[in-house]
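*Asks:* If you want the building blocks of each chain, they are given just below.
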Amino acid sequence: MAPTLSRLILAPLLVSTMPFAACAQEASAAATHDHSSMDHSMHGMEMPAQEMPQPTATPVMDHSAHAGHATSEATVSDQPGDAPPPPVPTDHPADRIFAPDRMAASRKAMIGEMRFSTFALQVDQLEYRAAKGRDGSGWDAQAWYGGDIDRVVLASEGEGSFGERAERIELAGYWRHALDPWFNLQLGVRHDFRPDPQRTYALIGIEGLAPYWFEVSGQVLVSDKGDTHARGKAAYQQRITRTLVVEPEAEVDFAFQDVPDLSVGSGFERLELGARLRYDRNRSLAPYVGVHWERKLGQTARLARAAGDDASGVSAVVGVRAMF
Amino acid sequence: MSKFDPAAAPIPRRRLLAMGGALAGSLGVAGLFPAWARSGTAGIAHASPHATAGSGVLSGAAIALRIGESHFATGGRSSHAVTVNGTLPAPLLRLREGQTVRIAVTNTLAEQTSIHWHGLLVPFHMDGVPGVSFPGIDPGETFTYEFPLTHSGTFWYHSHSGMQEAVGLYGPIVIDPAGPDPLACEREHVLVLSDWSPIHPHEQMRRLKMMSGYFNRQKQDLAGLLAGKDQSLADRLAWGQMRMDATDISDVTGTTYSFLVNGHGTAENWTGLFAPGERVRLRVINASSMTNFNFRIPGLPLKVVAADGNPVQPVETDEVQIAIAETYDFIVEPGEVESYAIVAEALDRSGQVRATLARRMGLAAAVPEIRRRPVLTMRDMGMDMSGMDMGQDGEIDLSKPANESMAGHSMKMRDPAVAPTVKMGPGVATLSPMPVDRLADRPTGLEDVDHRVLTYAELRARDPNPDPRVPSRQIDVHLTANMERYMWSMDGTAMSENPDPIPFRLGERVRVNLVNDTMMPHPIHLHGHFFELVSGEPGNRPRKHTVNVLPGGKVSFDLTADGEGDWAFHCHMLLHMHAGMMRVVTVRRDGEPEERHSGHEGHQGHMGAGEG
Chain A
-5 MAPTLSRLIL APLLVSTMPF AACAQEASAA ATHDHSSMDH SMHGMEMPAQ EMPQPTATPV
55 MDHSAHAGHA TSEATVSDQP GDAPPPPVPT DHPADRIFAP DRMAASRKAM IGEMRFSTFA
115 LQVDQLEYRA AKGRDGSGWD AQAWYGGDID RVVLASEGEG SFGERAERIE LAGYWRHALD
175 PWFNLQLGVR HDFRPDPQRT YALIGIEGLA PYWFEVSGQV LVSDKGDTHA RGKAAYQQRI
235 TRTLVVEPEA EVDFAFQDVP DLSVGSGFER LELGARLRYD RNRSLAPYVG VHWERKLGQT
295 ARLARAAGDD ASGVSAVVGV RAMF
Chain B
38 MSKFDPAAAP IPRRRLLAMG GALAGSLGVA GLFPAWARSG TAGIAHASPH ATAGSGVLSG
98 AAIALRIGES HFATGGRSSH AVTVNGTLPA PLLRLREGQT VRIAVTNTLA EQTSIHWHGL
158 LVPFHMDGVP GVSFPGIDPG ETFTYEFPLT HSGTFWYHSH SGMQEAVGLY GPIVIDPAGP
218 DPLACEREHV LVLSDWSPIH PHEQMRRLKM MSGYFNRQKQ DLAGLLAGKD QSLADRLAWG
278 QMRMDATDIS DVTGTTYSFL VNGHGTAENW TGLFAPGERV RLRVINASSM TNFNFRIPGL
338 PLKVVAADGN PVQPVETDEV QIAIAETYDF IVEPGEVESY AIVAEALDRS GQVRATLARR
398 MGLAAAVPEI RRRPVLTMRD MGMDMSGMDM GQDGEIDLSK PANESMAGHS MKMRDPAVAP
458 TVKMGPGVAT LSPMPVDRLA DRPTGLEDVD HRVLTYAELR ARDPNPDPRV PSRQIDVHLT
518 ANMERYMWSM DGTAMSENPD PIPFRLGERV RVNLVNDTMM PHPIHLHGHF FELVSGEPGN
578 RPRKHTVNVL PGGKVSFDLT ADGEGDWAFH CHMLLHMHAG MMRVVTVRRD GEPEERHSGH
638 EGHQGHMGAG EG
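Going down the list, the protein sequences come from chains A and B. With our numbering, letter number 208 in the first sequence gets 202, and the count goes up by one each step, no holes. With our numbering, letter number 429 in the second sequence gets 466, and the count goes up by one each step, no holes.
It is worth saying that the hints were derived from the structure and are not from the lab. Errors might be hidden in some of the hints.
[Claimed, not checked] Once the Cα atoms are required to be at most 16 Å apart in a straight line, the calculated EDC-like pairs of lysine to aspartate or glutamate come out as:
1. B:256 x A:186
2. A:102 x A:118
3. A:102 x B:223
4. A:219 x A:186
5. A:102 x B:534
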């Protein structure tokens, strides 16, 4: 069910807009589709090991003899029977020895203690961008609270040039729900403080870990004015040495219609590509240097140029990744 | 080198203890170590045990333990600790089979505590697991455990509350046999192996939930690929395709841990003394919270004489992987050599600790370098087909149809059909498609070392197994995980989801098949029982309380459910248990579920000050 759901969300989402979402889709599809190509006879393959009468497993056994056969069942007569299991009891014998209310509280505490729920702050990027013209800054961070399956996430990303109004300030709040071992659903809202005018969007997305360790996400955003956008992201961490990591990353925005208020044209609107080389000795605070390239696309680029802005820019970045 | 070195003579034990204390005192650590654990100890007396003031050995019918806050420092790291009677490790309990012991445990912490007697067969309500067997020991309270000692051997005790065993609450138990000890040696040493981190286990858990590889500093990298190390490109791609990390072997590692022998790091060089010609019995306990150790004494063969407290037919080997919560007794004969390095190396080779066996203080043998960290294989994924293809004689016949069907096979990593009892969800990333019995495998990372390595299959019980019945039924228990999300469970369900217990009838004989669907070894511990590993001919199968299930493999054990009551059953990697790899096992009399616990009133724990 979970993979189906993630496909449902993904399929209409960015199949045409971005290769990364497609990658994610393959990922969840792979999780289900492999089944069909599977030769189920292999399940039977276990059986010979169990049923095969074996010569005595000598106490001293070379591991290369592959224990699969050697240890399990020495003789056929050693096979367990098939007696039915007893019913699952509902009583607690400790209640007859200790005060039942104390035991009940203790059971509750034991279970409660194992329920993981916590807060974390992860700053993926916090950086200074040096560019021809004007230097600026950029960030991408999230804080979350919750457990393994459900989390509340507050995420923010943005960028701007010094001495000017920030170009983008986005703050998203969403519920993150684990769909399957690798992918999560996102449901919530995003508010853009910049660009002007401010906009609030309903957000639905998925994020996850695709095969080959690609971190991917895809979101569909519908604003309070009715305009619809999509965003896809992908990143990959390549360890060069145990402490040096290079992380290429891409982010692309897509508009399903013209949004003149935001100077956005229908189609691909924006592409960011970056690569950052991180000194990952300390996981809590890892400095990096890198390059960041950003480009407005299609109609949006034409609108920018018409307004006298650059449609693209490249900057050298220096920053930190942090985890608390 | 003098044969007449007085420090090496076995007789003036008191003087030795005092000297060891003085030496330790000069290092400024004496306060925290009980004498038996101090460097330079002459060992524990093998003859009739009796408590000696200040020795840190507690004996007799009435024992008092006080759990409190302390600080502990080693290897430049210092942090808060929870200790017993102010020491780390906790005092050695030296008891005798057949006696009944009363142990009053006083909690001076601000939080609840408990002590579990690991491996001792006790009435369930004395087992010390809050929420399962008793309510726990509240702050200010004294709880008196009282139980008969029905067997002998090397065991240990630790907290079962608040992850306190990771911050110091563990200690050894030695129970001497009621009669003469056939394993008696001229000298005995107790070695408690442990791991120590200044990062509290709750914080470790939080970081692992943020990033499951947080403490792994040994992942494969591009430099290694170019240098031809580790996996080939094709293998890396294949593993990457499955989102599996061949170096994900330990999750909390030497990045944050100091590894300790009796509370001593390598620099502190814990030293146990011997005299030439002596046979020395080492009682080795892995009291770590998260570290499986490779234990060896280079140049000195280890004769394994007991595992998990139970005597085995002696088997000589050179290295033993001691999983968390296991205990092994070895007999060594150091001969004329002056000193040996005792090396306990973390499974993932992220660190090690060296101690010394020497004829006198101040000697130290060369410390071997940490060996290359292992890389997991398809066998660790439960995907190894070679077991199917090879007979005992190593016959490989590639023309067999079975091989053809396997060739180029894309094994599915999450086929519910291979484990119908597992609840599939985000917490189950993989199921081993073809788990093979790995009892005769060398443990992880020791597959190709060029000396002898103990495998479980080499162990045979010295005494015949007490219950020769063939099990009347069998159950499968899957050890499941999503290692990326750092979720751990049994049969896909975490303990925090309050799953049904695993029920047994009192006295029934059941085979339990543990299937490891993860890529990490899991030391699985059942409280209140010994079980027999299904290895070799029935009759003298090794009896244990903890078994390390290798990645992608399976282990079967036979159990006589003779401990009436409720028992914990869990992975002894503390964080795995805490994250959910745990169950309650119930043992009930058939038919009359309600009636018969009145007899227990007599053994009831005595609540002292602080209650009510």
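*Asks:* Determine for every hint whether it applies to the structure shown.
*Replies:* Comparing the hints with the structure gives:
The straight-line distance between the Cα atoms of residue 256 of chain B and residue 186 of chain A is roughly 39 Å, outside the 16 Å bound, and the hint therefore fails. With a C-alpha separation of about 37 Å, the suggested pair residue 102 of chain A and residue 118 of chain A falls outside the 16 Å cut-off, and the hint is violated. Between residue 102 of chain A and residue 223 of chain B the alpha-carbon distance is near 50 Å, which puts this suggested pair outside the 16 Å criterion. Between residue 219 of chain A and residue 186 of chain A the alpha-carbon distance is near 13 Å, which keeps this suggested pair within the 16 Å criterion.
Of the pairs offered as hints, the one joining residue 102 of chain A and residue 534 of chain B holds, with about 11 Å between alpha carbons and a cut-off of 16 Å not exceeded.
Checked against the numbered hints above, the structure breaks hints 1, 2 and 3 and satisfies the rest.
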